[in-house]
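S.K.: Taking the hints into account, I'd like the entire structure generated from these sequences.
Protein chains in written order, with the working numbering: chain U, 739 to 1013; chain G, 35 to 841.
Check each hint, because a few of them may be wrong.
Now the stretches of chain G that chain U is said to cover, found in silico as 3 or more residues with beta-carbon under 8 Å [claimed, not checked]:
#1 309 to 319
#2 698 to 711
#3 760 to 767
#4 834 to 840
List of simulated lysine to any residue pairs, SDA-like, C-alpha gap at most 20 Å [unchecked claim]:
#5 740/U with 318/G
#6 740/U with 65/G
#7 602/G with 649/G
#8 740/U with 314/G
#9 740/U with 313/G
#10 825/G with 985/U
#11 740/U with 151/G
#12 606/G with 656/G
#13 835/G with 742/U
#14 97/G with 742/U
#15 429/G with 337/G
#16 740/U with 228/G
#17 740/U with 382/G
#18 825/G with 984/U
#19 871/U with 941/U
#20 740/U with 649/G
#21 97/G with 149/G
#22 740/U with 758/G
#23 835/G with 984/U
#24 835/G with 941/U
#25 740/U with 81/G
#26 800/U with 827/U
#27 740/U with 99/G
#28 825/G with 991/U
#29 825/G with 928/U
#30 740/U with 150/G
#31 835/G with 991/U
#32 835/G with 967/U
#33 740/U with 98/G
Over the 12 Å line for every Cβ pair with chain U, so calculated as not near, a few chain G residues [claimed, not checked]:
#34 58
#35 115
#36 272
#37 663
#38 745
#39 772
#40 820
Hints were generated in silico from the structure; no laboratory data involved. As the structure is a prediction and not an experimental result, all values here were calculated from the model. Glycine included, every Cβ here is placed at the ideal spot set by N, Cα and C.
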Amino acid sequence: MKPVRFDYIRAGTLAEAHAGLTSGGDDARIIAGGQSLVPMLSMRMARPTLLIDIMHLPELTKIEIEDDAIRVGAGVRQAVLLAWPELAERQPLLAAALPWVGHAQTRSRGTVCGSVAHADPSAEIPLTLLALKGTVELSSQGTRRRVAAEEFFTGLMSTARQDDEMIEAAEFPCRVAGHGYAFHEFARRHGDFAIVACAAIARHDGVRLAIGGVSDYPVARDFPDIDGDALDDALDRLACDLDARDDLHATADYRRALVRRLGRATITEARRCRA
Amino acid sequence: MTRVATRWCGQSIERVEDGALLTGRGRFIDDLGIRSGTLHAAILRSSHAHAKIRTIDAAAARKAQGVAAVITGADVRAVSASLVAGVRAPIECWPIAVDRVRYVGEPVAVVLAASRYLAEDALELVNVGYEPLPAIVDPLAALDSKHPALHEGLGSNIASERSFRYGDPEHAFARAAHRVSVTIRYPRNSCTPIETYGLVAEYDASEDTYDVLANFMGPFSLHAVMARALKVPGNRLRLRTPPDSGGSFGVKQGIFPYIVLMGVAARIAGRPVKWIEDRLEHLAASVSATNRCTTLEAAVDGDGRVRALAWDQLEDVGAHIRAPEPATLYRMHGNLTGAYDIRHVSVRNRVVLTNKTPTGLNRGFGGPQMYYALERLMQRVAVELKLDPIDVIRKNLVPSNAFPYRTATGATLDSGDYAKALETALSQGGFAELRERQQSARAQGRIYGIGLTAAVEPSVSNMGYITTVLTPEERRKTGPKNGAQATATVSLDPLGGVSVHAASVPQGQGHRTVLAQIVADALGLKPSDIRVVADFDTAKDAWSIASGNYSSRFAAAVGGAAHLAAEKMKAKLARTAASQLNVAAQDIEFTGGRARARGNPDNAIPFSRLAAASHWSPGLVAEENQALRETVFWSPPELTPPTEKDEINSSLCHGFIFDFCGVEIDRVTGAVRIDKYVTMHDCGRVLHPGMVAGQITGGFAQALGAALYEEYAYSPDGAFLSGTFADYLLPTTTEVPTPLILHIETPSPYTPLGAKGVGEGNCMSTPVCLANAVADALGLASVDLPMTPAKLAAHIHGAEKSARRPV
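M.R.: Given below as structure tokens:
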């Protein structure tokens, strides 16, 4: 469990990080909290030749409100966002989901944007970003663009990020007055990646449900304001559309059952929270 | 046995080990310095479950930066001998694949380089040409003669088969009112110590001597196996252990093939070799507990009294039958009737080889597998006969007045009062309230079950029990094997200080603290006056084949030996004190750091002055009273070899456990929540209550892991599926509730201090207790481990109803 040889740059400026990405191409990787990347390096599942550390760039450590969204910089650790006093008021879904991310120890190192970049199919932060229709800010040498979460997650641990781009921030839309939010997850142990995770946003005219842990990347679906058999049927359709698979921890049947049952419980709770 | 009035034993004094451990100053294998020029080893491991090795091309690896040597099976074969296999058969067992790989993770090549990083870089340059062969994963499939033998010398994949008969089981079954049976598939799992294997090996060509420092835990019977494999006499394999070891639970027995492998590597390279196993290696290829298929049937009277048992056990030891296997199958042989008075037993034991990691010691060692069948069966007796499961247990327990009790299969249950322990647990543990809780939960539509387990916990293994695998005739040829030699040494230094050494090879338990308590009590000193050293050196220390840290032998055997060594020292000191104080030796008492005349406390001599006398003025101390160093080798006479009828007293001591629990199962997720867990122990005399609680709590946590989370899983083609801690799930602090621990004490008459082992009991009792509760909750006749939410939810949810269900 020793990584392949690599070079390491501690970026002193954003420009330096961009330059490293440009010169390194797909052999370069950004390292932030390292909670996913370092084990992958040690198991030689990731073999970058250049690591660019962005944790010493003060401009990336901010949590700001911009255009009715929480803008979380790439240097913000998960524990810092969780401890941000305005979090529950600004976005209750994010406040509900973050305690499910790993453990206190990993959250004190891991970053919010690192989790978005890693795009694990079971991860809570990408799921929340998608449920809220958030945005990812990408930058590279001379370019800058914003990508909607719905376009960002493209496959199993793959995203719309180009090799020379880095995530500069993730934007989570703030709570909308009158909407209800709920998050539920089931994993075999506390802190494990979810077998099924559900995030629901209840509006007066419908509900949006996002599911993690089942497909290669989180999937969201918008339902009209249905209930009873109609909702059961809609959840069954969603469960069967998700391409659930068997693995060591759960069967596909079981994952579909949880999508139906946990999905329903999450929607019910979100509706209860709707003012 | 004499008993001493004690002061320190029985108290939870602070552990002397903890100061260093809690301040990061432990001295584990990887913390210790190495000689300059030491090479670092990395092992290329098989990615195939079964394949012929056609070619190994290491030319590029040999040229890689920092690489000193690349070693393959052919090199190892040239300078060493096959490890002695666990059964008498013409099969070879090498620590590295020779011509053929038989499990995923089997070593194929060793790279020695200037650093582990460079060694791992070079591993990627070694090219192995495999010719894949079909893999056998299921132990039942291994019985099928159409599959080729993994070891041709055996002719089949059945490494051993023996049948046993005790009492008259056929008659008991013929006249039984009921026959109840269970079929169990016990999975593979392991106790996964936080510190992995590690060693530093050296070879001195001028003396043809190996010197290995390794976090090996024993048993040191394997020293003989290693010396033979290295083709040196025992005195030319010096084996040492570091001062600290980060847990073992049996698993660090399994480093022994690597001691041979890296000894050979050091010899070939002409330089010391260091190897620290990483977690991926550990999970894939250290050792696993055995998986076992068991069919157990009972002949039962109408009132639930069990008259006979018929065991059919199929043990899967993986790809090689490494010493001491098939010990996992025979460790419990004397205890196949558990805590019950059952006089008629038949047994068929078969051991098969499959394309999985070889098995070895693991906390509980055969007990979890055996009790899972026996205690599931007892629950089924209650269910099928519509009896209260408590009454079925009560009715069958060995009666309180029957001790010492000889079991049908030969164990002597040394002491106990099982009925009292059970009734005490029911009342102190609140069993009646638990049943009310279950009723009210069920009334609310919740899924709630109660489980029970009674178990005898054996400790201090008889080194001869494994020979029960041989027929009496074969045993006559090989000569009898038996005993459980424990050793301890007490020394006095010229300032009168007391030092203790014991060949117990602790792996974190706190042996040094307890040895200090025991010796302090004997000599009238404080534990802080006693200095205990636990690191171990076969070239300098007293030891024997039973030395080491296994079969819960420390408190009962090693602690007892230390007590006897201290008493021996004390007797000599008393005679010297007697002559100085002008009283008879029997009137000398040791207390408060002084030796004094009984009844005349002013007529005294400081302990330190008395203790130093043999150093400074040997001429004034009679030769028979010279007190410098006393070593005791203690082996209990009760541990005799198997009889002609295959009766075996497989262990010296037998503690008793009675567990009950209440669990609730979530209707949506199928997750098990442990609502209450009560565990009653009688482990004889308790030397350190805090450590006993630690042993019980730790065993409980590992057992809970086995019950709910852990499995070394393989796909049908032999691929290993549990290669990381994201796949092999250990319970963490959030998953482990605090059990209610209860005790009664019936001292063992066979151990110097009356203590029995307590380290493994919950690994035996807890998995099946939880399974009984889950079976009760869901009304299941059969349930196999681990009880994952997905498995249980399938029972709750039933078949998937959706018309859209993908196929």
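S.K.: It remains to establish, for every hint, whether it holds in the given structure.
M.R.: Now the hints, each set against the structure:
1. Restraint check on the region 309 to 319 of chain G versus chain U: 3 residues with Cβ-Cβ distances below 8 Å, three needed, restraint holds.
2. Using a Cβ-Cβ cut-off of 8 Å, 4 residues of the region 698 to 711 of chain G lie near chain U, which meets the minimum of three, so the contact claim holds.
3. With 5 residues having a beta carbon nearer than 8 Å to a beta carbon of chain U, the region 760 to 767 of chain G meets the requirement of three or more and the stated coverage holds.
4. Figure legend: the region 834 to 840 of chain G, annotated as covered by chain U; annotation consistent (5 residues with Cβ-Cβ distances under 8 Å, at least 3 required).
5. For the suggested pair residue 740/U and residue 318/G, the alpha carbons sit about 17 Å apart, so the restraint of at most 20 Å is met.
6. The suggested pairing of residue 740/U with residue 65/G holds, with an alpha-carbon distance near 18 Å, which does not exceed 20 Å.
7. Note on residue 602/G and residue 649/G: the hinted pairing holds, with a Cα-Cα distance of about 18 Å set against a maximum of 20 Å.
8. Simply put, residue 740/U and residue 314/G have alpha-carbon atoms about 11 Å apart, close enough for the 20 Å limit, and the pair holds.
9. Pair hint residue 740/U plus residue 313/G holds up; C-alpha atoms about 11 Å apart against a cutoff of 20 Å.
10. Restraint check for residue 825/G and residue 985/U: the C-alpha separation of about 12 Å stays at or below 20 Å, so the hint holds.
11. Pair hint residue 740/U plus residue 151/G holds up; C-alpha atoms about 6 Å apart against a cutoff of 20 Å.
12. Distance hint between residue 606/G and residue 656/G is fulfilled; the C-alpha atoms sit about 10 Å from each other, no more than 20 Å.
13. Distance check on the hinted pair: residue 835/G and residue 742/U sit about 49 Å apart at the alpha-carbon level, beyond 20 Å; violated.
14. Only pairs whose Cα atoms come within 20 Å are accepted, and residue 97/G paired with residue 742/U is accepted, the gap being roughly 18 Å.
15. The straight-line distance between the Cα atoms of residue 429/G and residue 337/G is roughly 9 Å, inside the 20 Å bound, and the hint therefore holds.
16. Taking the CA atoms of residue 740/U and residue 228/G, the gap is about 18 Å. The hint holds against a cut of 20 Å.
17. At most 20 Å may separate the alpha-carbon atoms for a hinted pair to count; residue 740/U and residue 382/G exceed this at roughly 47 Å.
18. Proposed proximity of residue 825/G and residue 984/U is supported: the alpha carbons are some 12 Å apart, at most 20 Å.
19. A distance of roughly 14 Å separates the Cα atoms of residue 871/U and residue 941/U; the hinted pair therefore holds under the 20 Å criterion.
20. Using a Cα cut-off of 20 Å, the hinted pair residue 740/U and residue 649/G is violated, with the two alpha carbons roughly 53 Å apart.
21. Under the criterion of a C-alpha separation no larger than 20 Å, the hint pairing residue 97/G with residue 149/G is consistent with the structure, at around 15 Å.
22. In summary, the hint linking residue 740/U to residue 758/G is supported, as the alpha carbons are separated by about 15 Å, within the 20 Å threshold.
23. Taking the CA atoms of residue 835/G and residue 984/U, the gap is near 18 Å; set against the 20 Å cutoff, the hint holds.
24. With a CA separation close to 30 Å, the supplied pair residue 835/G and residue 941/U exceeds the 20 Å bound.
25. For a cut-off of 20 Å, the pair hint linking residue 740/U to residue 81/G stands: about 19 Å separates their Cα positions.
26. Straight-line distance between C-alpha atoms of residue 800/U and residue 827/U comes to about 18 Å, which keeps the hinted pair within the 20 Å bound.
27. Simply put, residue 740/U and residue 99/G have alpha-carbon atoms about 16 Å apart, close enough for the 20 Å limit, and the pair holds.
28. A hinted pair counts as satisfied when its Cα atoms are at most 20 Å apart, and residue 825/G with residue 991/U qualifies at roughly 11 Å.
29. Restraint check for residue 825/G and residue 928/U: satisfied, since their Cα atoms lie roughly 19 Å apart, inside the 20 Å limit.
30. With a C-alpha separation of about 7 Å, the suggested pairing of residue 740/U with residue 150/G holds against the 20 Å cut-off.
31. Straight-line distance between C-alpha atoms of residue 835/G and residue 991/U comes to about 10 Å, which keeps the hinted pair within the 20 Å bound.
32. In summary, the hint linking residue 835/G to residue 967/U is supported, as the alpha carbons are separated by about 14 Å, within the 20 Å threshold.
33. Distance check on the hinted pair: residue 740/U and residue 98/G sit about 16 Å apart at the alpha-carbon level, within 20 Å; holds.
34. For residue 58/G, the requirement that its beta carbon stay farther than 12 Å from each beta carbon of chain U is met, with the minimum near 17 Å.
35. Remark: the non-interface label on residue 115/G is consistent with the geometry, its nearest Cβ contact in chain U lying 32 Å away (cut-off 12 Å).
36. The Cβ of residue 272/G sits about 30 Å from the closest Cβ of chain U, beyond the 12 Å cut-off, so the non-interface label holds.
37. The non-interface label for residue 663/G is consistent with chain U: the shortest C-beta to C-beta separation is roughly 45 Å, beyond 12 Å.
38. Against the 12 Å criterion, residue 745/G falls within the reach of chain U, whose nearest CB is about 8 Å from its own CB.
39. Even its closest Cβ contact with chain U, about 16 Å, leaves residue 772/G beyond 12 Å, as expected for a residue assigned away from the interface.
40. Residue 820/G, annotated as away from the interface, has a beta carbon of chain U within 12 Å; the closest lies near 10 Å.
Hint compliance for this structure: hints 13, 17, 20, 24, 38, 40 are broken, all remaining hints hold.
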